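**Student:** Read off the chains here:
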Amino acid sequence: MDAPHMVGGPAPVPGRAALEVSPLPGGRSGIRARGEISALTRPSWEQALSELARRHAGVSYVELSDVAFVDVAGVSALAVTAMNLPDGRVVVENPPPQLPRVLEMFWPGLDRIEVAL
Amino acid sequence: MSTVTTREAFVHPALFYRTEQEYTRQTVAFLREGLTNGEPMAVAVPGPNLELIKAGLGSDAEGILFLDMTEAGRNPGRIIPKVLRGFADAHPKGRVRIIGEPIWAGRSAVEYPACAQHEALINAAFEGRAVTILCPYDEERLDPQVIADAKVTHPTLISGEGRESVSDAYDWQAVVSRYNQVLAPAPDAAAFSYGGEDLPAVRQFALAQAKLLGMAGERLMDVELAVAELTTNSVVHGGGRGTLALWAEQGQLVCEVRDAGRLTDPLAGRRPPERGQLGGRGLMLVHYVSDLVRVHTSDDGTTVRFYLSL
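Protein chains in written order, with numbering that gives the first Met the number 0: chain A, 0 to 116; chain B, 0 to 309.
Some hints could be false.
SDA-like mimics (lysine to any residue), calculated; alpha carbons at most 25 Å apart, straight line [stated by the list, open to error]:
1. LYS210(B) x GLY194(B)
2. LYS92(B) x LEU109(A)
3. LYS210(B) x SER64(A)
4. LYS92(B) x GLY108(A)
5. LYS92(B) x PHE105(A)
6. LYS150(B) x ARG106(B)
7. LYS210(B) x ARG100(A)
8. LYS210(B) x ALA189(B)
9. LYS210(B) x GLY34(A)
10. LYS53(B) x ALA89(B)
11. LYS150(B) x GLY161(B)
12. LYS210(B) x PRO96(A)
13. LYS210(B) x PRO99(A)
14. LYS210(B) x ALA16(A)
15. LYS210(B) x MET104(A)
16. LYS210(B) x GLU248(B)
17. LYS92(B) x SER64(A)
Calculated from the model, a selection of chain A residues having no Cβ within reach of chain B, i.e. all distances over 10 Å [claimed, not checked]:
18. SER21
19. GLY25
20. SER28
21. ILE30
22. ARG33
23. GLU35
24. PRO42
25. ASP65
26. ARG88
27. VAL90
28. ASN93
29. PRO96
30. MET104
31. ASP110
To be clear, the hints were calculated from the coordinates, so they are not data collected in a lab.
Remember, predicted model here, so these are calculated numbers, not experimental data.
Cβ coordinates follow ideal geometry from the N, Cα and C atoms, glycine included.
With the rest of the complex left out, here is chain A:
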């Protein structure tokens, strides 16, 4: 969220919720995530997405069946990453239900992302 509330500037967010990201097994290019994508895990999610963009060639996969929750900023990071790719698309597999909901709300018709349920 933007910074509508101001009390002496942003405070660091301590973390307990975890997010593990690993490369996809097999020959497919992309990542698999486990945990939750939220303010507590934002740095590892954004880092994984920049890595994904760097290795992107044609189609990249993001496997999210072990992700229970993703917030608006988490979906935004994915959408902006996909929009900035030079070509091709990102296939998101088995995302939590918030992901298609937020994509439809803020990026209707974004063809850089394909959601596979």
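Given chain A's structure and the hints, the job is docking chain B onto it.
**Tutor:** Just chain B now, kept in the frame of chain A:
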């Protein structure tokens, strides 16, 4: 006034009508003027009034976007980003012309302060833009206070007979302040105080309570998303902690977040970000999924309440 200023000035008249005939005559004349100028046009008014305008326009209605405001603008907080800016931003060349009727006789006392603030904030949201927004008010059925407020939130007034005048009461910031009302805590709410460590737990608490209170289906996910945004905001910008409370009231689920932050930007959550921008959608999501959002902010802290029909 120079030609350039005129072309870029925002025009925001209120129309006070008493009969269907006055309504139809004035709105149709307004839209016909836009047709003559070749302006893109949208009409967002309650369903029965949509029909009056369509019937009055006949074949001229073609090419105009019609929205039922009781759905598109159920939550007055999403009218600026979704309805008004949504349309204006999609037509960036030249002037756009919109009829927006956010306040109708069925609006509740809980909704009205957010409606009045919305009307006031339109002036800030469109300052300097080549946009014309006509806001009709049903003088016959609306409370006199609503009519008085409309004269404060609109720089120009149009009577049912089409007489135009400058509002000498115009002072939109006064309405934003007047309806920044204290929200007294609900007596029977389930509450959860959280810090940064508790963000996942507070989401789970919200889900469980919302289910207990009768929320189901896709709207449970909306509760979780909106609670995540507001509680994260408390932790990052609102003093590091806050309290979430949930209860049911008049057929609606109410979720409330209190924290020590202060909302300094009155347009927060109503300014659509660029498609490629990373942040700036949290509070807007709360507005998009809710039927109503009420906010009270002061030096002592901020309370945000969002309502979803059960």
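**Student:** Would you mind marking each hint as holding or not holding in the structure?
**Tutor:** Hints versus structure:
1. LYS210(B) x GLY194(B): Holds: LYS210(B) and GLY194(B) sit about 23 Å apart, inside 25 Å.
2. LYS92(B) x LEU109(A): 24 Å, holds
3. LYS210(B) x SER64(A): Status holds; Cα separation ~24 Å.
4. LYS92(B) x GLY108(A): 23 Å, holds
5. LYS92(B) x PHE105(A): 23 Å, holds
6. LYS150(B) x ARG106(B): Within the cut-off at roughly 18 Å; holds.
7. LYS210(B) x ARG100(A): Measuring from Cα to Cα gives roughly 20 Å; hence the hint holds.
8. LYS210(B) x ALA189(B): 12 Å, holds
9. LYS210(B) x GLY34(A): 23 Å, holds
10. LYS53(B) x ALA89(B): Since the Cα atoms of LYS53(B) and ALA89(B) sit roughly 23 Å apart, the hinted pair holds (cutoff 25 Å).
11. LYS150(B) x GLY161(B): 16 Å, holds
12. LYS210(B) x PRO96(A): The given pair, whose Cα atoms are some 17 Å apart, holds under the 25 Å limit.
13. LYS210(B) x PRO99(A): Holds: LYS210(B) and PRO99(A) sit about 22 Å apart, inside 25 Å.
14. LYS210(B) x ALA16(A): Satisfied, since the Cα-Cα distance of roughly 23 Å is no more than 25 Å.
15. LYS210(B) x MET104(A): Holds: LYS210(B) and MET104(A) sit about 24 Å apart, inside 25 Å.
16. LYS210(B) x GLU248(B): Roughly 15 Å separates the two Cα atoms, so the pair holds.
17. LYS92(B) x SER64(A): Measuring from Cα to Cα gives roughly 44 Å; hence the hint is violated.
18. SER21: About 21 Å separates SER21(A) from the closest Cβ of chain B, which puts it past 10 Å; holds.
19. GLY25: 31 Å, holds
20. SER28: With a cut-off of 10 Å, SER28(A) remains clear of chain B, as the shortest Cβ separation is near 23 Å.
21. ILE30: Per Cβ check, ILE30(A) is outside 10 Å of chain B; nearest 19 Å; holds.
22. ARG33: With a cut-off of 10 Å, ARG33(A) remains clear of chain B, as the shortest Cβ separation is near 14 Å.
23. GLU35: 6 Å, violated
24. PRO42: PRO42(A) is indeed farther than 10 Å from all Cβ atoms of chain B, at 13 Å.
25. ASP65: 15 Å, holds
26. ARG88: With a cut-off of 10 Å, ARG88(A) remains clear of chain B, as the shortest Cβ separation is near 16 Å.
27. VAL90: Holds, since 20 Å exceeds 10 Å.
28. ASN93: 16 Å, holds
29. PRO96: 5 Å, violated
30. MET104: 6 Å, violated
31. ASP110: Answer for ASP110(A): holds, closest chain B Cβ roughly 13 Å.
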